Amino acid sequence: MSAWPPALAPLAVRVRAYVEAALADRPEPEPFDSLAVAIHRAQRALDPVLAALAEGEPSDALGIPAVPVALFKDLPVGTVSSDEDAAVVFRTSGTTGGGRGSHRLRSTELYDLGAQGFHRRCVPDAPREVVALLHDPAIAPDSSLSHMVAGFGRVRWALRPAGLDHEALDAWVREATGPLYVAATAFALADWLQHGPPVLPAGSVVMVTGGFKGRTVALSDEAMYALAQERLQPERLVTEYGMTELSSQLWGRPGQPYRAPRWLRVVAVDPATGRPRAAGERGQLRFIDLCNLDGTLVIDTMDEGVVGADGEVTLLGRLEGSEVRGCSLTMEDVWASR
Amino acid sequence: MLADDGRRVGEPLRAAVRAWRDAAVAEGPPRVAHGLSPQGWAAVWQAAFDALSDEALDAAWQRAGSPYEEATMVVARTVLTAPLEWCALWWGVGTQVRLKVPREAGGLGPWLEEQATRFGLPLQVVTDPEAVQGPLVVAMGRDATIDALAEALPASTRFVGFGHRFSVSWARTEAGLRATAADVAMHDTRGCLSPVAVFSDHPQAAAILAEAMAEAQARWPRGELVDHELALLRQRRALARVVGSVAEGEGWAVHTVPVGRFQPVSAPRLAVLHPATHAELGVALAPYLEHLSSVGTDSDDPLPGRVVPCGQLQRPVLARQHDGIDWVAVAVGADRSG
Chain A
1 MSAWPPALAP
11 LAVRVRAYVE
21 AALADRPEPE
31 PFDSLAVAIH
41 RAQRALDPVL
51 AALAEGEPSD
61 ALGIPAVPVA
71 LFKDLPVGTV
81 SSDEDAAVVF
91 RTSGTTGGGR
101 GSHRLRSTEL
111 YDLGAQGFHR
121 RCVPDAPREV
131 VALLHDPAIA
141 PDSSLSHMVA
151 GFGRVRWALR
161 PAGLDHEALD
171 AWVREATGPL
181 YVAATAFALA
191 DWLQHGPPVL
201 PAGSVVMVTG
211 GFKGRTVALS
221 DEAMYALAQE
231 RLQPERLVTE
241 YGMTELSSQL
251 WGRPGQPYRA
261 PRWLRVVAVD
271 PATGRPRAAG
281 ERGQLRFIDL
291 CNLDGTLVID
301 TMDEGVVGAD
311 GEVTLLGRLE
321 GSEVRGCSLT
331 MEDVWASR
Chain B
339 MLADDGRRVG
349 EPLRAAVRAW
359 RDAAVAEGPP
369 RVAHGLSPQG
379 WAAVWQAAFD
389 ALSDEALDAA
399 WQRAGSPYEE
409 ATMVVARTVL
419 TAPLEWCALW
429 WGVGTQVRLK
439 VPREAGGLGP
449 WLEEQATRFG
459 LPLQVVTDPE
469 AVQGPLVVAM
479 GRDATIDALA
489 EALPASTRFV
499 GFGHRFSVSW
509 ARTEAGLRAT
519 AADVAMHDTR
529 GCLSPVAVFS
539 DHPQAAAILA
549 EAMAEAQARW
559 PRGELVDHEL
569 ALLRQRRALA
579 RVVGSVAEGE
589 GWAVHTVPVG
599 RFQPVSAPRL
609 AVLHPATHAE
619 LGVALAPYLE
629 HLSSVGTDSD
639 DPLPGRVVPC
649 GQLQRPVLAR
659 QHDGIDWVAV
669 AVGADRSG
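Respectively, the protein sequence lines represent chains A and B.
The end of the first sequence is residue 338 by my numbering, with every number in the run present.
The end of the second sequence is residue 676 by my numbering, with every number in the run present.
Calculated from the structure, these hints are not laboratory results.
Model, not experiment: these values are computed from the prediction.
Hints are supplied without guarantee of correctness; some may be wrong.
[Unchecked claim] Negatives, chain A to chain B, calculated, CB over 12 Å:
#	residue
1	P5
2	E20
3	D33
4	G63
5	H147
6	E175
7	G178
8	P179
9	G203
10	A226
11	L237
12	G255
13	G311
[Unchecked claim] Derived DMTMM-like pairs (lysine to aspartate or glutamate); straight-line CA-CA distance at most 25 Å:
#	chain 1	residue 1	chain 2	residue 2
14	A	K73	A	D142
15	A	K73	B	D565
16	A	K73	A	E55
17	A	K73	A	E320
18	A	K73	A	D136
19	A	K73	B	E628
20	A	K73	A	D270
21	A	K73	B	E618
22	A	K73	A	E84
[Claimed, not checked] Quick look at which bits of chain B chain A covers, simulated, 3 or more residues with Cβ under 8 Å:
#	segment
23	561-568
24	573-582
Where a beta carbon is used, it is the ideal one built from N, C-alpha and C, also for glycine.
Throw the hints in and build the complete structure from the sequences for me.
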């Protein structure tokens, strides 16, 4: 029996077919835009937030209204109206202030199909022995990152409520009999690197995701990658870009653009108007994620990037001026004081 | 008149301050990076010097107790005209002023340095953090910066810090709402005295505010916004469309939003209107009182923070409490025994 209601169940089948075709390098079973518009119509009927933002009938994916990512903190965005109706609820970390946003899913089927499939494609032959500098999903079931990494193999979790368990981490590396897959946020990896970790076994892979927003300690990406290469000596270092509010991820290598799967379209838009900019121009990043059937299809981030003609994404960081102008209060100030 | 160490004190210095003020008003604002339109910057400039009337300056200087020989002011990148009134008072009581400005964005620092030389006023502008020292240090900036300075300075230094704050309006009449629009428009809503929200129980508040915001735009056009601000405006607009209503024109917007969704954070030229009773205003502000600077009002209702008439939020008089501190007493050493 489908996890989805009648309005979404046929769309779930179409999305699954689209993702499977993309993963198998087959032609899409239908155009991206027609599937996106069909999903939008169904979501609009189920999501009052999206309905309030809608203006007319879109003819393609770019005409679908984008939901600003911050709205997830203010409103119940998506087609699942309450936590009780969701099989899984992923929540944002709250590091950018203003509370935590929720992404409710009736099923993780599409999420897992896309996330695991695209990971295998971008990081082929990845070791199945995983050391995660993340919370165990058993204690953090709302972490979408932990959920994704749990599917990478046999995972040992090194992040405790009190912080990173350096002793356990070091022991796991020293006792390893084969290559390891180290999955880490930038912040946790920087923490481990500064404690002098042992060199990883030959053939190991290090995956880094996220930045240092909301943290008091920060390393530049370049400095951290160099330090990771020097201290851990992995065979491969890969980068991941994901968001709790999305169901799909982008993958890359240090210093190189990110690749998005075919079912995730990335567009750089004019931050003033929301209108798409030409390929190669910098703009506010917008994601159109076909796997976001339970959430919302189109999301505007507060990140800046360049999307090439080939769809590859160069992430430039937060939008210009995210450091406050003027002496008025910021949401970060408010939350920092609580 | 000269002190033993050669510093000019007394009436000659005060006359120099008045001459500097008169020249600044007559010659108009200097070209510095501020993000405001030329008309907006001129209005801010005029308001800053209106506060430095002969009567106000004399009243402040007459309070002089045991002035500091030297004082250091740390001015964050986000602070624009605040150094003017501090310098005026310090100079008039013979205090040698050291202004520490950011290396990459000196604000009014270079202009003040030039003016000090021109009028013989004691000022040194520095960018080196090591120069932040002496018997009195005053700082303005983010709470985290203020906390870090408070920790770093020796006990022998008197430290007075002003973190980021927010202000609101409680306007019950048409005249009050119209005056509030000017408060919102000035500084393009970026200052700590800019009302981040307008609370009102007037039945036509939205229409009145919209008309007044359009008039303010015609008088002082909004300046240039950076990408983050543009995206923030679209984000706030989306929220208002879902939970309330939006009225907008070129360079201004009025969002009518339920009082339960009050956020103490501003966006440029955005008047967020919360239809509310006085009791509801109190409930909305209660969680944020520690960050509240001022309330503009046209009523006699009891209100927290510094209370001023609508339209006067951005025109602070010299003799006032600044975030609860009698700043004039600090500046002229009135609260200090010799």
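How the hints compare with the structure:
1. P5: Given that every Cβ of chain B is farther than 12 Å from that of P5(A), nearest at about 22 Å, it holds.
2. E20: It holds; E20(A) is separated from chain B by about 34 Å at its closest Cβ, greater than 12 Å.
3. D33: holds (23 Å)
4. G63: holds (16 Å)
5. H147: About 27 Å separates H147(A) from the closest Cβ of chain B, which puts it past 12 Å; holds.
6. E175: The claim stands: E175(A) keeps its Cβ more than 12 Å from every Cβ of chain B (closest is about 41 Å).
7. G178: holds (45 Å)
8. P179: holds (42 Å)
9. G203: holds (42 Å)
10. A226: The claim stands: A226(A) keeps its Cβ more than 12 Å from every Cβ of chain B (closest is about 26 Å).
11. L237: holds (30 Å)
12. G255: holds (24 Å)
13. G311: With a cut-off of 12 Å, G311(A) remains clear of chain B, as the shortest Cβ separation is near 22 Å.
14. K73(A) - D142(A): holds (15 Å)
15. K73(A) - D565(B): holds (21 Å)
16. K73(A) - E55(A): holds (23 Å)
17. K73(A) - E320(A): Cα-Cα ~22 Å, so holds.
18. K73(A) - D136(A): holds (24 Å)
19. K73(A) - E628(B): The given pair, whose Cα atoms are some 23 Å apart, holds under the 25 Å limit.
20. K73(A) - D270(A): holds (23 Å)
21. K73(A) - E618(B): Satisfied, since the Cα-Cα distance of roughly 22 Å is no more than 25 Å.
22. K73(A) - E84(A): holds (18 Å)
23. 561-568: holds (count 6)
24. 573-582: Per the Cβ count (6), the hint holds.
Checked against the numbered hints above, the structure violates none of them.
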